[in-house]
Structure formats: C-alpha cells, structure tokens
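Input sequences plus hints: build the corresponding full structure.
Protein chains in written order, with this note's numbering: chain B, 1 to 277; chain E, 1 to 277.
It should be emphasised that the hints constitute simulated quantities derived from the structure, not laboratory data.
Mixed in with the good hints there might be a few duds.
Treat identical chains as interchangeable: a pair holds within one or across any two.
As the list claims (entries may be wrong) - In silico DMTMM-like pairs for lysine to aspartate or glutamate, Cα to Cα no more than 20 Å straight-line:
no., residue 1, residue 2
1, 174, 228
2, 236, 261
3, 174, 210
4, 174, 126
5, 236, 126
6, 236, 246
7, 236, 91
8, 165, 261
9, 165, 91
10, 165, 47
11, 165, 76
12, 174, 119
13, 165, 206
14, 236, 47
15, 174, 164
16, 236, 221
17, 174, 209
18, 174, 206
19, 174, 76
2 protein chains.
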Amino acid sequence: MDTTSLLAARFGAEAAPDAADAALPEGLARLLDRRVSRRYRDQDVPEALLALVLAAAQSAPSKSDLQQYSVVVLRERAPIARIAGWIGTMDWIATAPVLLIWCGDMRRGQRLCARHAMEHANNNLDTFLNTAADCALAMGHAIAAAETLGLGTCPISYVRNHVEKIAPLLALPKGVYPLAGLTLGWPDGRRPTAMRLPPGVVVHRERYDDAAMEEAVAAYDRRRAAREPIAPGSVKNRDIYPARADIGWSENLARQLSVPERYGFAAWLRTRGFGLA
Amino acid sequence: MDTTSLLAARFGAEAAPDAADAALPEGLARLLDRRVSRRYRDQDVPEALLALVLAAAQSAPSKSDLQQYSVVVLRERAPIARIAGWIGTMDWIATAPVLLIWCGDMRRGQRLCARHAMEHANNNLDTFLNTAADCALAMGHAIAAAETLGLGTCPISYVRNHVEKIAPLLALPKGVYPLAGLTLGWPDGRRPTAMRLPPGVVVHRERYDDAAMEEAVAAYDRRRAAREPIAPGSVKNRDIYPARADIGWSENLARQLSVPERYGFAAWLRTRGFGLA
Numbered sequence: 001m002d003t004t005s006l007l008a009a010r011f012g013a014e015a016a017p018d019a020a021d022a023a024l025p026e027g028l029a030r031l032l033d034r035r036v037s038r039r040y041r042d043q044d045v046p047e048a049l050l051a052l053v054l055a056a057a058q059s060a061p062s063k064s065d066l067q068q069y070s071v072v073v074l075r076e077r078a079p080i081a082r083i084a085g086w087i088g089t090m091d092w093i094a095t096a097p098v099l100l101i102w103c104g105d106m107r108r109g110q111r112l113c114a115r116h117a118m119e120h121a122n123n124n125l126d127t128f129l130n131t132a133a134d135c136a137l138a139m140g141h142a143i144a145a146a147e148t149l150g151l152g153t154c155p156i157s158y159v160r161n162h163v164e165k166i167a168p169l170l171a172l173p174k175g176v177y178p179l180a181g182l183t184l185g186w187p188d189g190r191r192p193t194a195m196r197l198p199p200g201v202v203v204h205r206e207r208y209d210d211a212a213m214e215e216a217v218a219a220y221d222r223r224r225a226a227r228e229p230i231a232p233g234s235v236k237n238r239d240i241y242p243a244r245a246d247i248g249w250s251e252n253l254a255r256q257l258s259v260p261e262r263y264g265f266a267a268w269l270r271t272r273g274f275g276l277a
Numbered sequence: 001m002d003t004t005s006l007l008a009a010r011f012g013a014e015a016a017p018d019a020a021d022a023a024l025p026e027g028l029a030r031l032l033d034r035r036v037s038r039r040y041r042d043q044d045v046p047e048a049l050l051a052l053v054l055a056a057a058q059s060a061p062s063k064s065d066l067q068q069y070s071v072v073v074l075r076e077r078a079p080i081a082r083i084a085g086w087i088g089t090m091d092w093i094a095t096a097p098v099l100l101i102w103c104g105d106m107r108r109g110q111r112l113c114a115r116h117a118m119e120h121a122n123n124n125l126d127t128f129l130n131t132a133a134d135c136a137l138a139m140g141h142a143i144a145a146a147e148t149l150g151l152g153t154c155p156i157s158y159v160r161n162h163v164e165k166i167a168p169l170l171a172l173p174k175g176v177y178p179l180a181g182l183t184l185g186w187p188d189g190r191r192p193t194a195m196r197l198p199p200g201v202v203v204h205r206e207r208y209d210d211a212a213m214e215e216a217v218a219a220y221d222r223r224r225a226a227r228e229p230i231a232p233g234s235v236k237n238r239d240i241y242p243a244r245a246d247i248g249w250s251e252n253l254a255r256q257l258s259v260p261e262r263y264g265f266a267a268w269l270r271t272r273g274f275g276l277a
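Below is the structure:
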C-alpha cells in the first residue's frame, strides 16, 4: 500500500491531499486504511488479543490524566443478543464474538473525592464533555489497535437509543452512561474504504472559513455516488420522507438531521445523576 | 520493544494484563508506547507530514458518517503565542510549530439541511455528544498517526478555559466549539510512559462492578508514587489547599475535581447556538 493509493481511496484521487509518495510507516498505513467491519467469521477473539486492544485503549491520552471512562466487555451471547434485538436493524451485532460498551464515567471521580473527604464540585457539562472525550479517545485507540491485529470493529452509537434498558442490563450505576458500543471480531471480507469529505471542508487554515463548503460538498456527493451510491436500505427516514433513488451523502444527512434523534437523552442523563448546566 | 515491557511500562509489572509475549505489529507497539510530548525541537513539520496526520484523523470512524467536526491549523506564531499566553501555564504551546484546534461542528449539518430545504431538528445534547465523539476520535487518530511518524503531541483541553477569546480569534461561527488543542512537533526527548489505572478498574466483565476499585486505586497510587511522584508544580489547586509532599494520583484528582472548573462552559455554548436539552 502506498500513500497515493491510500489517500485516493479515502478522498478520491482528485480531492486527495498532496503528500509525498514515500514509504509509509506500517502503523500509519493501517490508520489510513481503516474500514468498518459489519460481518464476522465464526471465530473467537483470544483473551490475550482482547487484553492488547484494551491496553491500547488505556494508552490513549486522557484529560488531566483523570481517565474518566469505563468499558464493559460482553462475551456472553445472551446480553449481546438482547442488545442486538433492541437495536433491531444491525444484525451483525449478534454475530460478533465481543461487544464492548464504552462508557463515560463520572462516578469514579466522585467516589475518589469522597474517599479523600473532599466535595466533588464538577458535576457539570464540562465534566460530561471530558468523560465523552476520554471515552472516545480510548475507543479510537482500541479501534486502531484492533486494525493492526487484523481484527475488525464497528462503533454502535445506537446503544444510546436504548439507554433505559442497557444501563440496568449492564448494572451501570449513576454517573456512568454508554457513549457507544463497539463490535469486535475477525472480519469476513472487507468493506470498501469510506470516502471522506475533502480536507478543505474539515481542515481550516488559521481561521474557520466555510465559504466554499457547499460547492465542495456537492462535488463530494458526486464522487461518492460514482464510487458507491447510497444503498436503498441506507436512505434515512424512509418511513417519513419518500424514498428516492440517487440520494447523495448531503441529502441523506439532511434527511437524518431533520428528524429528532434521541431527544430524550439529556433527560435520561439527569435521572442518572448528571448535572448538565 | 516487546509486549511484556510495554505493558509493564503502562501498568506496572504487577498490574499489567496477561498477554502473550509475542512479536507485536509495529503499529500496535506504537499505540501502547504513546507518550505526551511537551518539549519540541526548533524544526518545522513539513506540510506533507501534516497532511498525512490530518488524513489519518479523517480516517477515524464518525457517527452515522456525518463527520461533525472541524480542525483549525495554526502555524502563524502570533495566534499560537496569544493562546499560549492566555493559558499561561503551558510554555511548550508557544514552542510547537503547529497547534491544531479540534472543534465540534454542528454548523455544517445545519447548513446542509438548509441547502436541501429541510429543517435541522437535532440541536440537542445528543448531537453535541456526537460532535464531541467525532472530534475526539479524529484527534485520537491524528495523535496515533503523529506517533508513527516520530512526531509528538500534547492535547490541551485548557483551550476551553478561554473560549470567549479563542472563538473570535479563529472566527469560529455559531455551532462550532473548541473541544481541545493539540500541539504538534518533533519531540525534544521523551517523557516516561504515563502509568494507567489497572485494567480491572477501567474494564468490567459483563456488568459494571467497582466493588474493588478503592483498593486497586490505592495500590495504583503507590505504584505511581514509586515510579514518578507527582512534582510539586503539578499538585492541583495549591492556591486553595495547602501544598504537601506525597500527594498521590487519587488525592490530586480529588483536589482538582473539588474545585469547579469551566463551570460557565454550558452557558457559553448556549450563546453560540447550542441547545443542550
């Protein structure tokens, strides 16, 4: 794998950033070549490999070294099948040998404050954000580590659609919430590389400037459609808006974001002890 | 570098998880060996390498493929020096050739909804969390990519202590907020590996269970103190609580979390158009 081909796969040849076609460190090639895995072979993930994936997760940076996250490892079939059933539309979840539930965790800090006879005075939105960032960084490093081992993953934010059932299933106490699930297993085939927005849309120089965004996204819509049109089953909210062929990435985004999703999440968090002011 | 030494550096030999001492993929060794870099050589980061780091960031997973984040690249000395000056306690920021400001971005989705004549109906806490997770995943992949290239990074959540100045400096529009800064440069020396909580504290099996947490953290406090005691300058809130020698990790955490930090962040976000209900 050379740099030029990896970047062309990620952005399309005409939108790929200019980077020397030099030999890549293997680890960087793996990052650039990351794919989601939604089909798994019927083969276990040994504990030693899982331990390495989780150790890589714990090697991620953490805000002020506070490590405000936890992860629940599910290997038993029954709870994985229940979660898959609640979600209903992601049949690969139940076939994954491991399902990791990544959780923001304010509770540990609260307990440690109490242990040192000090008041926890940071039950606020900033701490909530810190727990989310710590948790996402750890999950991201787990994903990257899995890729280096030939394992495949798929993040599942839809666990948040069922927090009121998943939290008791996993005995999550107050102060702990699921950010995302992550299926882990041996990939059965590889998906094409997910094509990303052109760097000029996401990366700003010195100042935020999105004056050219709409035009760049229109070109991105066309590039994606040319490579892999959105499958009929992936068109969002077909029960609300008429289904149509040739829905592009940005129109599908609008179809998704125009319908409120998980609008009760903040209310649920408050029942779990989170102050979000 | 072998697995056993890397895990012993990360967790301490007596707390390291059990993983076969097999040859590691180079990319995984890099992840397990990640260190923060707070001193940089006076040497530029070529654009091609920066492009690769940012391409790796864009290769991270993104919730529903929505890519709800942006990054502002700072190379000019003046804005970097201003941000370093505002923060005041992190002198390495001004010496870094590149400062990346990672931003959650709800605005792009709002504009694209408008472009498709649809209402954006997800200005809520769940979307805020999605932007944070997308952003942290991208930053995490940038950090991992930098490590493979021999570059060093340091995440700076303290940019959030100065949002009211940093947002206009970078022309951040409504719907965009800084999650963290990230210094990027060629490391001048390497710090020791940051020792992490024992896996049993962070990783739960089938159900969340922190019954043994306090005891495990006490042992962690001792292991950290034995390897690298907290420097007097790193003891938190010395202007509020008496300074003392032999403050352990968990007591320092309590000293930090017992004083409200960035408690105005939610109010600021609301002035920038975020609905957090």
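Quick rundown of the hints versus the structure:
1. 174 <-> 228: neither (43 Å within a copy, 33 Å between copies)
2. 236 <-> 261: Close inside one copy (12 Å), not across copies (39 Å); limit 20 Å.
3. 174 <-> 210: between (40 Å within a copy, 12 Å between copies)
4. 174 <-> 126: both (17 Å within a copy, 18 Å between copies)
5. 236 <-> 126: between (32 Å within a copy, 18 Å between copies)
6. 236 <-> 246: within (13 Å within a copy, 56 Å between copies)
7. 236 <-> 91: Within one copy only: 18 Å inside a chain, 48 Å across chains, cut-off 20 Å.
8. 165 <-> 261: within (17 Å within a copy, 32 Å between copies)
9. 165 <-> 91: within (19 Å within a copy, 47 Å between copies)
10. 165 <-> 47: Classified as neither: same-chain Cα gap 27 Å, cross-chain 48 Å, threshold 20 Å.
11. 165 <-> 76: Only inside one copy: residue 165 and residue 76 sit 17 Å apart there, 50 Å across copies, limit 20 Å.
12. 174 <-> 119: So residue 174 and residue 119 pass the 20 Å test inside one copy only (17 Å; across, 34 Å).
13. 165 <-> 206: between (45 Å within a copy, 15 Å between copies)
14. 236 <-> 47: neither (37 Å within a copy, 38 Å between copies)
15. 174 <-> 164: Cα proximity of residue 174 and residue 164: one copy only (12 Å, versus 32 Å across).
16. 236 <-> 221: within (16 Å within a copy, 49 Å between copies)
17. 174 <-> 209: Result: close only across copies, 12 Å inter versus 41 Å intra.
18. 174 <-> 206: between (41 Å within a copy, 17 Å between copies)
19. 174 <-> 76: neither (24 Å within a copy, 45 Å between copies)
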